[in-house]
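As given, the protein sequences belong to chains A and B, one line each in that order.
When the letters of the first sequence are read in order and numbered with my numbering, they come out as residues 42 to 329.
When the letters of the second sequence are read in order and numbered with my numbering, they come out as residues 1212 to 1491.
Hints listed in this document are in silico derivations from the structure and should not be mistaken for laboratory results.
Because the structure is a prediction, the values reported are computed rather than measured.
All residues carry an ideal CB built from backbone N, CA and C; glycine is no exception.
Don't take each hint at face value.
Stated by the list, open to error - Covered by chain B, per the in silico footprint, the following chain A stretches (three or more residues, Cβ under 8 Å): (1) 221 to 231; (2) 313 to 326.
Claimed, not checked - Derived DEER-like restraints, expressed as beta-carbon distance ranges: (3) B:D1355 to A:L308: 21 to 27 Å; (4) B:V1234 to A:R160: 40 to 46 Å; (5) B:A1360 to A:L86: 48 to 54 Å.
Unchecked claim - Only part of the chain B face toward chain A is listed, based on derived beta-carbon distances under 7 Å: (6) G1308; (7) D1319; (8) Y1366; (9) G1373.
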Amino acid sequence: MTASLARPEYERDLPPLSDDEVMQPLPVPARLWQQGWVRKTVLLLVMAGLWEVAARLKANDLLLPTFVDTALAFGQGLWSGELLHRAGMSLAVLLRGYVLGIAAAFVLTTLATSTQLGRDLLDTLTSMFNPLPAIALLPVALLWFGLGQGSLVFVLVHSVLWPLALNTYSGFRSVPETLRMAGRNYGLRGLRYVLFILVPAALPAIVAGLKIGWAFAWRTLIAAELVFGTTNSGQGGLGWFIFQNRNELYTDRVFAGLAMVIVIGLLVENLVFVTLERATVRRWGMQR
Amino acid sequence: MGIPFLRVVPPPLPREPRVTSDVPTLQAEDVTIEYRTAERVVRATDRVSFDVLDGDRFVLLGPSGCGKSTLLKAAAGFVTPRSGHIRLDGATVSEPGPDRIVVFQEFDQLPPWKTVKANVMFPLRASRLLSRRQAEERALHYLDKVGLADFADAYPHTLSGGMKQRVAIARALAMQPRVLLMDEPFAALDALTRRRMQEELLSLWEEFRFTLLFVTHSIEEALVVGNRILLLSPHPGRVRAELDAQAYGLHSLGSPEFQSTSQRIHRLLFDEPAASLAAA
Chain A
42 MTASLARPEY ERDLPPLSDD EVMQPLPVPA RLWQQGWVRK TVLLLVMAGL WEVAARLKAN
102 DLLLPTFVDT ALAFGQGLWS GELLHRAGMS LAVLLRGYVL GIAAAFVLTT LATSTQLGRD
162 LLDTLTSMFN PLPAIALLPV ALLWFGLGQG SLVFVLVHSV LWPLALNTYS GFRSVPETLR
222 MAGRNYGLRG LRYVLFILVP AALPAIVAGL KIGWAFAWRT LIAAELVFGT TNSGQGGLGW
282 FIFQNRNELY TDRVFAGLAM VIVIGLLVEN LVFVTLERAT VRRWGMQR
Chain B
1212 MGIPFLRVVP PPLPREPRVT SDVPTLQAED VTIEYRTAER VVRATDRVSF DVLDGDRFVL
1272 LGPSGCGKST LLKAAAGFVT PRSGHIRLDG ATVSEPGPDR IVVFQEFDQL PPWKTVKANV
1332 MFPLRASRLL SRRQAEERAL HYLDKVGLAD FADAYPHTLS GGMKQRVAIA RALAMQPRVL
1392 LMDEPFAALD ALTRRRMQEE LLSLWEEFRF TLLFVTHSIE EALVVGNRIL LLSPHPGRVR
1452 AELDAQAYGL HSLGSPEFQS TSQRIHRLLF DEPAASLAAA
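In isolation and in its complexed conformation, chain A is listed as follows:
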């Protein structure tokens, strides 16, 4: 006989399973380790420890103050309000340049999606100006706009505009054809098409561009203040704070100023951008 006869058929009734048989919670340490901030905090603590050890071995406060000294200077700066005041000055200028840069990038990329000439314009301008360090434009900007916020805003716009425009445009181009056709199918075109289809569909790339633009702007601003001192009508920002304290050989305060730059960078990245991503591209499953 055939082999199949050797194996009898059978049917089973399947009783429903209880929930905890189907799903089991992870143990607490594993769940904690899933949290990004836990892993990052551990990394930061390790780095601070290495710094402390290195500084104590070197034992030269002028060259490398210890982590504890820097933390004290940082705390003191915060307590006296000077660090916060300086950071506020820097951020106010920064935001102005950032927002203007975003607006300009939006106009340029919208032009580039709608016309051939706009595309050529964007291509040419980004390949010309993206590699040009913003700080190199500051001397010219100072000639044009004088010692003041105008010059800073000008170089900030320059540092935000090109990377953001590049990223946004490449995001627009990678929007799936089906989605484009769906949008056009419903009669969307022009600005409405850009706003309702292209911008949300390209949001992962746009957010990446916003992050890069933010970092470039922040660097440019601090560098501008460091190199050209107080362009802020007598009252400098964080860069000026660092510059001044270096002149007076308060190395721990120089480090505290640098730490402030880093802390603001971390805060913006982890609060603003992560929140933005969580509310948009992650929620929509466009990015993991």
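We have chain A already, so just place chain B on it with the hints.
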């Protein structure tokens, strides 16, 4: 004389009759479509003509390369024919519009940033057809029809392929288009889901009697879904035959008539001179 000014009021115009079997809803007339690559101009379809009547489930069937999707895109207004015309209710189609809604094969036709409900509302709002409240009401109605009322607030990436296509179908039906255009909508689904979706599409048609232009490369699907089948031969797409499939549906799957018609279609599509077989 009576009261004269009352007679000034014109009687309510009768609505354009939707069921007039002699005026085709969608008409293709000698449609030749070419597309341009960097080196050459390729002819996708060659003088294709067909009439889709109101309430038809009209299927374009053929192997890949027969230009069936291109024809559908031309009907949607994404592609302009090199010569010939596509007319919707007598007016030449020149651009995409919300009176012809396309259901694509690809799942990414649903904007991932909109919930299921917002997706169905999207064309209603984008084409300024309905107010927000009316659009929401209609969206929920059609979502209920495709069995997704419970998923109204879910995002597309949390749905299975079949559910995504159901959303796309609900979205298209909610627009109540003159023609519903479906471009191999079930081709990316597994066989069991595909069968279910065909069944559901037919029962939706029973309920709403929309006019459908359906593209597929599956003979079986064409016979099940369509009441009229246009067979296209490839390279370039030319009309090989137009058949009536009224008699076939899911109930007749596997019946001798179904088998013989599907063999006839197979013969028409493939028993041609060997050249076109090799090219396909």
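Hints, one by one, checked against the model:
1. 221 to 231: holds (count 8)
2. 313 to 326: Per the Cβ count (4), the hint holds.
3. B:D1355 to A:L308: 21 to 27 Å: About 46 Å separates the Cβ atoms of D1355 of chain B and L308 of chain A, which means 21 to 27 Å is violated.
4. B:V1234 to A:R160: 40 to 46 Å: holds (44 Å)
5. B:A1360 to A:L86: 48 to 54 Å: holds (50 Å)
6. G1308: holds (6 Å)
7. D1319: At 5 Å from the nearest chain A Cβ, D1319 of chain B passes the 7 Å test, so the hint holds.
8. Y1366: holds (6 Å)
9. G1373: violated (17 Å)
In this structure, the hints that do not hold are numbers 3, 9, in rising order.
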